Amino acid sequence: MYSDKVMDHFMNPRNVGEIENADGIGEVGNAKCGDIMKMYLKIDDGVIVDVKFKTFGCGSAIATSSIATEMIKGKTVEEALQLTNRAVVEALDGLPAQKIHCSVLAEQAVKSALLDYARKNSLQLAGLEDFDPTEDHHHHEEEH
Amino acid sequence: MKKRVYLDYSATTPMKQEVLDEMLPYFTEKFGNPSSIHSFGREAKQAIDLSREQLAKSIGAKADEIFFTGGGSEADNWAIKGIAYANRDKGNHIITTKIEHHAVLHTCEYLEKNGFEVTYLEVDAHGRINIDDLKSAIKDQTILITIMFANNEIGTIQPIKEIGQIAKEKKVIFHVDAVQAFGNIKINVNDLNIDLMSLSAHKVYGPKGIGALYIRKGVKIHSLIHGGAQERRRRAGTENLPGIVGFGKAAALADENLEAHIQHVKVLRDKLIKGIMEKVGYVRLNGHPEHRLPGNANFAFEFIEGESLLLSLDMLGIAGSSGSACTSGSLDPSHVLMALGLSHEIAHGSLRLTIGDFTTEEDIDYVLQELPKVVDRLRQMSPLYEKVKGGQK
Amino acid sequence: MKKRVYLDYSATTPMKQEVLDEMLPYFTEKFGNPSSIHSFGREAKQAIDLSREQLAKSIGAKADEIFFTGGGSEADNWAIKGIAYANRDKGNHIITTKIEHHAVLHTCEYLEKNGFEVTYLEVDAHGRINIDDLKSAIKDQTILITIMFANNEIGTIQPIKEIGQIAKEKKVIFHVDAVQAFGNIKINVNDLNIDLMSLSAHKVYGPKGIGALYIRKGVKIHSLIHGGAQERRRRAGTENLPGIVGFGKAAALADENLEAHIQHVKVLRDKLIKGIMEKVGYVRLNGHPEHRLPGNANFAFEFIEGESLLLSLDMLGIAGSSGSACTSGSLDPSHVLMALGLSHEIAHGSLRLTIGDFTTEEDIDYVLQELPKVVDRLRQMSPLYEKVKGGQK
Ligand SMILES: Cc1ncc(COP(=O)(O)O)c(C=O)c1O
Ligand SMILES: Cc1ncc(COP(=O)(O)O)c(C=O)c1O
Ligand code: FES
Ligand code: FES
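Chains as they are written, first to last, in full-length UniProt numbering: chain B, 1 to 144; chain U, 1 to 393; chain A, 1 to 393.
These are computed hints drawn from the structure, not numbers from a lab. Nothing here was measured: the structure is a model prediction, and the numbers come from that model. Errors might be hidden in some of the hints.
Derived DSSO-like pairs (lysine-lysine); straight-line CA-CA distance at most 30 Å [claimed, not checked]: (1) B:K5 / U:K3; (2) U:K266 / U:K57; (3) U:K3 / A:K30.
The task is simple: from the sequences and hints, build the whole structure.
Laid out in structure tokens, this is it:
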């Protein structure tokens, strides 16, 4: 069902936890849908120097959060904004069709934390103009 | 090899060696078509007759009231559609519950699209229907009551005897999905006033792909599968000979061993429940405390999600199941857990562990040792648990 | 032990040892429910995926166009009812033939009682339809053409390619009952423009109680068995795991060995036909002389009745079948033989001997030695024969 990469990130998730006095915190999803992702960013000079997450969700939700933190750690804010759910899926060697939305959630969580950072620092970040972290992206696609 | 602990007996069971031994000759040697009049056909026919008797005996029915099907789902579909269409002139109303298996629910929904009206009875927090609700749901147009004997997820057993009594008084046909109950509860279709009953072999250490529908003599029903004259013209198709032989044997074994089986699984199940309740916080037992299948344990662990729990257990060789939406690929968690009134979050964190004849005390000890650690690890990752620890809850 | 010569391969086949070997682990060890996400479930799922590919490959389809069923009859019922109800808004007319298997005919008759109109095409003396008849039967309301690939009694093969071409031109869905043809004729669903096709494992040395429906991608169909999400939500019920594994293997073997199989059975069949024609008088071959299944021989012996013929052969260990009414317990002889225009008497005297992979030349020699004696003995008892001998005919 899941690739070895997914299982690795699920069983040994990287960067689990919280950051005190984080520069940006994002939370997406809701428990009703069965998944909540919370992302903490420490940002220094426009560079993400530390990132932590907590996730309530399925194996793929945990794995996507984990790999997303790895993918943005050490990157600039602008680079992190380029993270797409597709890139997350590729980095995990694929996800089952009905689990793609978990990767969307990971992208949203990162963006939502960056938005928080931007607001706190009164910055305008290109790519976040239309971003609405409360939008429901939990679509379980049906297989036919 | 890695340790493997199978605790998903309600999903399916391994076949017993005695059942396989019984079936083996019918694949390559005694392979005749039971409809054929030559010796190959006759020996096949005899084997089927014997199985039919074994099955009938195990539920207190007559052999000619047993009709073999391709499984429990076919039996449910046949019973419900077959009765609905055969009694269309009498009425169009069907009564069932909110916690039936999908084979019943989706069949009822299909009938709703085709001119039938269906009442889905609510259940209480433990998953039992209220008898008064049933009574008041019955009306002149009611042609069928279809209620499961015991639920596959939470194990809750319905008051079948009372329901049967009411159905009889009101002259409404009563179908029971006993796929989970069979082999776990003594069933006598006459004592319970059951008119039709669905069974499936793979839940009782028999083969997959074979089931049966008990149809009380005199009950008018349409066929679901038309064609040849098999099963006394009611269910067409060359008989699944080894499957039927295996089902007969499995039913006979289940009947013989019923008491010992119940005792064995109940002791282990109770140990499991007690252990988990002691070792893990924020956990509850779903389903009825007493009126439940002897081998069923269904827990709701707060703050975590079922699929990640299952996957973690699977890495440890422990096989269970969950009513989480993430497992099924559908948007909502199990309709059964929702019908109990559980919140989405709680329903998401459900874990069903079902115990069977091959489960050992060591298996349970292993689970009691590993499961609390897994729950803890996942909770450490959960943003919901954070709040509890932080005293926000 | 008494000699036993099985010549009823069209009724059912013994399973091949290779098929059984493939199935065996899935009863007691790899017994998981394919819907479960744990390791037991995943290994089951993988096995099913492989079988689906084997089956798809053998008919030139894609794996996701194969849906497993509980047998050939279920596949026929599903295809016909499922297409009829899913296309009810487009029309209510179905075209079939007079010589279909009962799984098709009785399903069509059932639909006739429920608002559909069915045209039953005539066949010629050899059992083939006339393509012009088909063309003129198609009208605006026609939603389905269902015609069997090869007939189970007389072995006659229909002009499936031409029919598929017409169906495609007229945009009518085309279902083929290929239960008898599969494994005996190379079939490619794309070359033949087949939209749906029914298969059954037990006719090709696979297990009983498992079949499949090929459904071309994009074809809209209702479910016959509602419930769980198995078979991509189209056919509910816990999968018959060992059955599916066995069917996959049987299909792969049939595909690999097709040429050798055809060669083997055809040589023996031709020897049988030639021998009988030479040794017995007043006999004819039913079905088409060339367009027929390689293993099928169907004789009409005048002046005698099929059941007594079968019983006599059975005493000698020879297993065959007959279209005689006395065999089936119904009043009329086989609808297939009647559709050929045979008189009742002739139809009554029919004997089908079908040859398979395990048939040997000695088997045929034995039949050629015994059958003429049996026919003769029965004729000596027959008042009809008396008249012939007396020169009254
Ligand atoms: C042409 C044909 N169609 C359908 C069937 C039904 O298949 P099954 O016996 O697997 O239900 C058979 C055989 O019985 C057959 O010969
Ligand atoms: C209560 C209940 N009904 C019906 C079924 C369907 O039986 P089968 O899987 O044999 O089709 C099941 C099991 O899957 C069940 O648990
Ligand atoms: S969190 Fe529900 S599918 Fe991933
Ligand atoms: S002659 Fe006896 S049933 Fe036909």
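Hints and how they fare:
| no. | hint | in the structure |
| --- | --- | --- |
| 1 | B:K5 / U:K3 | holds (23 Å) |
| 2 | U:K266 / U:K57 | holds (25 Å) |
| 3 | U:K3 / A:K30 | holds (15 Å) |
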